[in-house]
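Listed below, chain by chain, are the residues.
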Amino acid sequence: MFSEKLQNVRIEMLKGGVNPRYVKRTIRELYDHYIDLKHNLVNEGIEEIDAELQAENKIGDLNKITKEIINKKELQSWISLHPKIVFLVTPVLLYPLALVACIFLLIGVTKLSGVSVSGFPTPFWFQTLSTSVVYLYNIMIPILMVFYFIFLIKDRIINKSIIYLSIALVALFGSILTMNIDFPKSSEELGTIQATLQFFGYVPFAGVFQLEMFITGVLHLAMTCVSAWIAWKWFAKNRDDVFIS
Amino acid sequence: MPKSNASFMSGVPELLVLRLVMRQEMYGYQIVRAIRVSTNETIALAEGVIYPTLHGLEKKGFLKASSKTVEGRTRVYYRITTKGENRFNVINDQWKTITAGVNSCLEFSYV
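So the sequence lines, in the order shown, correspond to chains A and B. Residue numbering for the first sequence follows our numbering, starting at 1 and increasing by one per position. Residue numbering for the second sequence follows our numbering, starting at 1001 and increasing by one per position.
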C-alpha cells in the first residue's frame, strides 16, 4: 500500500533530521499527488488496481525523493541535528543561569522599589513576589523544561538514551541547586536570598546532611519524573516510533 | 566553465518552477503537469521529485506556501515572492547567457 510506504518515508526523513514541518507536508503532498494521478488514470479507463500501480510508478523512487529532501540542508531541523546540545547541555546551563536571573530580579526589585533588606515587616507584595520567584525556580522551571523537551520530541525521532538522560539531568540539577528566601523576623534581622548546592541532603561546603533537604531532593526527583510522564502522555499520544536506540 | 554555471545546470527545475508560479499560484501536481505541457513533454520530471525543489525554494524565501480548500480538496499552493522574482531574473539571465554560448559553439566552425 502506498500509504504504508509513505510511513517509511516519514520515519527515514525524521531520522535524517528533516524538520517535522516539512516531513508532514511532504507526506501529505505526495499522498495527494498519488490520489490525483490515480483518479486521472481511472478516468482514462484504467482499472483501479492498475491505476494505483501506475500512479506509484509515476510518483518516482521514494528513496530518491527521501534522500533529496534529507540532503537539503535548509530543510534540516537544528534540534534533530544537534540533540545533545539541546537536551543535555541546556539543563546544565539553564539552572545556574536561571538562578542568577532570579536573584538579580529580586535584587533589582528591592533597589527600584526601595524595599529594605533589613526592613521589618517585609511588605506583603514583596513577600508574595519573592515566594513566587522561588517557586518558579524550584518547581516550575523543571516542570516547564521537561514539558518543553517532550514537546520538542513529539514530532521527531530521537535517540532514547538522550531524552532519558536529559530528564535525569533536569531532575538532578533541579534538586542539587535550589533557591530559598528568608524574610526578617525582627527589625534586627536581615532578609536573605540563598542558593544552596546540595546533593540529596548532603551540603558539600558545610559537610552536613540535612534530612529535610534529602526529602525535598527526592520529592523534586519524583515531581520531575511524573511531569515527564504526564508530558509524554499529553504530547506523544501513544506514538510508538519516537525513539531509536 | 565558471563554477556558478555548473551548479546552474542542475537548477533547471528551479527555473521552470519559478517561471510557472510567477503566472499563478499552483500546487505540486499542477506544476508537474504544467512543466510537461509547456515543454512539449521534453522535460518530464518524476512527479514526486518536485516536492524537494518546492520545499527548498520555500525555505529560501523564493516561494510562499499556503493551504487552500478547492472543490473539497485541501492542497498546498505555492506562489512566488519578490525575492523569488529577483532570483528568477538572475537565473533566467544566466540561462540565456549559457544557451547563447552553447548555440554559438554549435554554430562555430573551425577554418
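Think of the hints as simulated: they come from the structure by calculation, not from any bench. This one's a predicted model, so the numbers in the text were calculated from it and none came from an experiment. Some hints here could point you the wrong way.
Which stretches of chain B does chain A cover? Using the computed rule of at least three CB atoms under 8 angstroms from a CB of chain A, they are [unchecked claim]:
#: 1; stretch: 1056 to 1062
#: 2; stretch: 1073 to 1087
Derived DSS-like pairs: lysine-lysine, alpha-carbon spacing no greater than 25 angstroms straight-line [unchecked claim]:
#: 3; chain 1: A; residue 1: K15; chain 2: B; residue 2: K1060
#: 4; chain 1: A; residue 1: K64; chain 2: A; residue 2: K84
#: 5; chain 1: B; residue 1: K1059; chain 2: A; residue 2: K154
#: 6; chain 1: B; residue 1: K1096; chain 2: A; residue 2: K67
#: 7; chain 1: A; residue 1: K84; chain 2: A; residue 2: K5
Think of the CB as a built atom: it goes at the ideal place given N, C-alpha and C, for glycine as much as any other residue.
- Pairwise hint evaluation, A/K84 against A/K64, where the allowed Cα distance is 25 angstroms at most: Violated. A/K64 to A/K84 sits at ~29 angstroms, over the 25 angstroms cutoff.
- Query: Is the straight-line distance between the alpha-carbon of B/K1096 and that of A/K67 25 angstroms or less?
  - Reply: violated, 31 angstroms
- Item | Given pair status - A/K154, B/K1059, alpha carbons within 25 angstroms | holds, 22 angstroms
- Query: Can the restraint linking A/K15 and B/K1060 be considered satisfied, given a maximum Cα separation of 25 angstroms?
  - Reply: holds, 23 angstroms
- Item | Given pair status - A/K5, A/K84, alpha carbons within 25 angstroms | violated, 30 angstroms
- Given as covered by chain A, does the stretch 1073 to 1087 of chain B meet the bar of three residues or more with CB within less than 8 angstroms? holds (count 3)
- Whether chain A covers the stretch 1056 to 1062 of chain B (at least 3 residues having a Cβ closer than 8 angstroms to its Cβ atoms): holds (count 3)
Of the hints listed earlier, those the structure fails to meet are numbers 4, 6 and 7, in rising order.
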